[in-house]
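Asker: Just need the whole structure built from these sequences, with the hints factored in.
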Amino acid sequence: MSNSTEVAIVGIGMHQFGRTDGVSGMDQGVVAVRRAVADAGVKWEDMQFAFGGSQSSGAADTMVSKLGLTGLQFINVANGCATGGSALFSAYSSIRSGLSDIGMAIGFDKHERGAFRVETKGMDWYGSSGLALTTQFFGMKINRYMHQYGITNQSLARVSAKAFRNGSMNPMAWRQKPLSEEEVLASPMLSYPLTQYMFCNPAEGGVALVLCRGDLAHKYTDRPVFLKAAVVKSRRFGSFEVLAPSIALEHNAGPTVDASKAAFEMAGIGPKDIDLAQLQDTEAGAEIMHMAENGFCEHGEQEAMLAAGETEIGGRLPVNTDGGCLANGEPIGASGLRQVYENVLQLRGDAGARQVPNNPKTAYTHVYGAPGISGVTILSR
Amino acid sequence: MPTRVSVAEGVLEETADGPRLKGSRCIDCGTFAFPAQKSCQRCSGTNIEPTLLADKGKLWTFTIQGFPPKSPPYRGNADLATFVPFGVGYVELPGEVKVETRLTESDPAKLHIGMEMGMVLETIGVDADGNDLVTFAFAPTGN
Numbered sequence: 011m012s013n014s015t016e017v018a019i020v021g022i023g024m025h026q027f028g029r030t031d032g033v034s035g036m037d038q039g040v041v042a043v044r045r046a047v048a049d050a051g052v053k054w055e056d057m058q059f060a061f062g063g064s065q066s067s068g069a070a071d072t073m074v075s076k077l078g079l080t081g082l083q084f085i086n087v088a089n090g091c092a093t094g095g096s097a098l099f100s101a102y103s104s105i106r107s108g109l110s111d112i113g114m115a116i117g118f119d120k121h122e123r124g125a126f127r128v129e130t131k132g133m134d135w136y137g138s139s140g141l142a143l144t145t146q147f148f149g150m151k152i153n154r155y156m157h158q159y160g161i162t163n164q165s166l167a168r169v170s171a172k173a174f175r176n177g178s179m180n181p182m183a184w185r186q187k188p189l190s191e192e193e194v195l196a197s198p199m200l201s202y203p204l205t206q207y208m209f210c211n212p213a214e215g216g217v218a219l220v221l222c223r224g225d226l227a228h229k230y231t232d233r234p235v236f237l238k239a240a241v242v243k244s245r246r247f248g249s250f251e252v253l254a255p256s257i258a259l260e261h262n263a264g265p266t267v268d269a270s271k272a273a274f275e276m277a278g279i280g281p282k283d284i285d286l287a288q289l290q291d292t293e294a295g296a297e298i299m300h301m302a303e304n305g306f307c308e309h310g311e312q313e314a315m316l317a318a319g320e321t322e323i324g325g326r327l328p329v330n331t332d333g334g335c336l337a338n339g340e341p342i343g344a345s346g347l348r349q350v351y352e353n354v355l356q357l358r359g360d361a362g363a364r365q366v367p368n369n370p371k372t373a374y375t376h377v378y379g380a381p382g383i384s385g386v387t388i389l390s391r
Numbered sequence: 011m012p013t014r015v016s017v018a019e020g021v022l023e024e025t026a027d028g029p030r031l032k033g034s035r036c037i038d039c040g041t042f043a044f045p046a047q048k049s050c051q052r053c054s055g056t057n058i059e060p061t062l063l064a065d066k067g068k069l070w071t072f073t074i075q076g077f078p079p080k081s082p083p084y085r086g087n088a089d090l091a092t093f094v095p096f097g098v099g100y101v102e103l104p105g106e107v108k109v110e111t112r113l114t115e116s117d118p119a120k121l122h123i124g125m126e127m128g129m130v131l132e133t134i135g136v137d138a139d140g141n142d143l144v145t146f147a148f149a150p151t152g153n
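Chains as they are written, first to last, in the numbering used here: chain H, 11 to 391; chain L, 11 to 153.
Keep in mind the hints are simulated off the structure, nothing from the lab. All values reported here derive from a predicted model rather than from experimental measurement. Glycine included, every Cβ here is placed at the ideal spot set by N, Cα and C. Be aware that one or more of the hints could be misleading.
[What the hints assert, rightly or not] Residues of chain H placed beyond 12 Å of chain L at every Cβ, according to the derived structure: (1) GLY108; (2) ARG175; (3) PRO198; (4) ASP232; (5) ALA314.
[As the list claims (entries may be wrong)] Cut-off 30 Å, straight-line C-alpha distance, at most; resulting in silico cross-link-like pairs (DSSO-like, lysine-lysine): (6) L:LYS120 with H:LYS151; (7) H:LYS151 with H:LYS131; (8) H:LYS151 with L:LYS32; (9) H:LYS131 with L:LYS32; (10) H:LYS53 with H:LYS76; (11) H:LYS131 with L:LYS48; (12) L:LYS80 with H:LYS271; (13) L:LYS48 with H:LYS187.
Answerer: Below, the structure is given as structure tokens:
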């Protein structure tokens, strides 16, 4: 690929994750946009396009009334937990195709407290009967995985304790208080084998990124980060997905495996070349399973990797360095872009107390969501 | 005397031999689906016939619902003070499909992957008129 069609991230902005009473989800998105534009040293009126999305905080394109009516192309993206990934893929495609020079990917959200309330229109029996909870899927997927590959409860607790430890070094995180493995294991059992502190919560926050043509990047920053791959995949027949009243007998490894393979192919590198990764950790078990599904280890190797601290900051492959969904919560529209924001910080060397040592050069993100979609990005500097 | 009200309207049929789930089968490629589909997710064909699914199978995986689901959509007992945890799992119906279902057993120590299960009706709550709300569930058969 010639440098002119590379895509660079030259500006990043975030609104605090967690709970910000009195500030709407969209207003959190507006804060993120203003910060990203300022970070890139550009103006909102310079933006040729925006792709943006939220699940619960309104149509993203209406935010132009708060940011300025400049006439830009603003397209709403709605793809469940992969909304941010889809916005980023769309921005990437828009620049790669040569249609645009500079624009934004935006995500924000604000959800009610408690587990996600799932709409089961046309399938009333599903929710009425006490099924249709995302938390049930997570419990059932990791329960079978632990049975098949010998993963223990201790490993689940290690993932959560790491998340809250990393979150304690992230001033933008919702949960900044470390929790011990014992506290994680002793918290109430929500969906066996997962306890309260093994789950992330629906939350609030906003993230925005300014992207531009690679050959223009140095106009805006002396530390551009290049988007080497952006992939979104839906499920194939036979995969085991969230909110599925049934699963086929024949087995397919799922959209994460497909998206990961396609992203590595696009970037022309492999899992061993990645210096740090943000992997969807809606609960502790998901991080463990996604380590293997994204190609970073074989199924079952996670038990030894976690015991040896290989996914800690300073380990062989730091995972979820900003505390992940577990410490940041999950504002659906913003969550995937949070991962990219963190990777840009890390590749710039700006991650402060949680900075991955030895000048990381490549970083990976992965989101997963209903009804069975995965988004992967690979960044490098 | 309270009447029974099914909250599994459309997917459940009560036969003389007990309750059965209503699924579908692709005539072209033989793939089963639940709930019944109008087209095949495997071959994209539209040559579909309705079928009643098997009422016995093996537990493929499970969890225990430890907190009251949000109501709506849940129509069973969602009162935090009196909520009783319930099992949820996938049961593999041999040669057909794996269906997601409530389990009558809610003690994880009494459930294990691969155990034999059979379909039953379970009362999950009471509606405003005092009727029992029932849906399908699978219970260990002890085999």
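Asker: Look at each hint and say if it fits the structure.
Answerer: Each hint, compared with the structure:
1. Listed as outside the interface, GLY108 (chain H) is consistent with that label: its C-beta sits roughly 34 Å from the nearest C-beta of chain L, beyond the 12 Å cut-off.
2. The Cβ of ARG175 (chain H) lies farther than 12 Å from every Cβ of chain L, with a closest approach of about 26 Å, so its non-interface assignment holds.
3. Chain L draws PRO198 (chain H) into its interface by the beta-carbon criterion, the shortest separation being 7 Å against a cut-off of 12 Å.
4. Listed as outside the interface, ASP232 (chain H) is consistent with that label: its C-beta sits roughly 49 Å from the nearest C-beta of chain L, beyond the 12 Å cut-off.
5. Even its closest Cβ contact with chain L, about 23 Å, leaves ALA314 (chain H) beyond 12 Å, as expected for a residue assigned away from the interface.
6. Taking the CA atoms of LYS120 (chain L) and LYS151 (chain H), the gap is about 19 Å. The hint holds against a cut of 30 Å.
7. Distance check on the hinted pair: LYS151 (chain H) and LYS131 (chain H) sit about 25 Å apart at the alpha-carbon level, within 30 Å; holds.
8. The suggested pairing of LYS151 (chain H) with LYS32 (chain L) holds, with an alpha-carbon distance near 25 Å, which does not exceed 30 Å.
9. Under the criterion of a C-alpha separation no larger than 30 Å, the hint pairing LYS131 (chain H) with LYS32 (chain L) is consistent with the structure, at around 18 Å.
10. Of the supplied pair hints, the one linking LYS53 (chain H) and LYS76 (chain H) holds, its CA atoms being roughly 14 Å apart against a limit of 30 Å.
11. Distance hint between LYS131 (chain H) and LYS48 (chain L) is fulfilled; the C-alpha atoms sit about 17 Å from each other, no more than 30 Å.
12. Taking the CA atoms of LYS80 (chain L) and LYS271 (chain H), the gap is near 37 Å; set against the 30 Å cutoff, the hint is violated.
13. The suggested pairing of LYS48 (chain L) with LYS187 (chain H) is violated, with an alpha-carbon distance near 50 Å, which exceeds 30 Å.
Checked against the numbered hints listed earlier, the structure breaks hints 3, 12 and 13; every other hint is satisfied.
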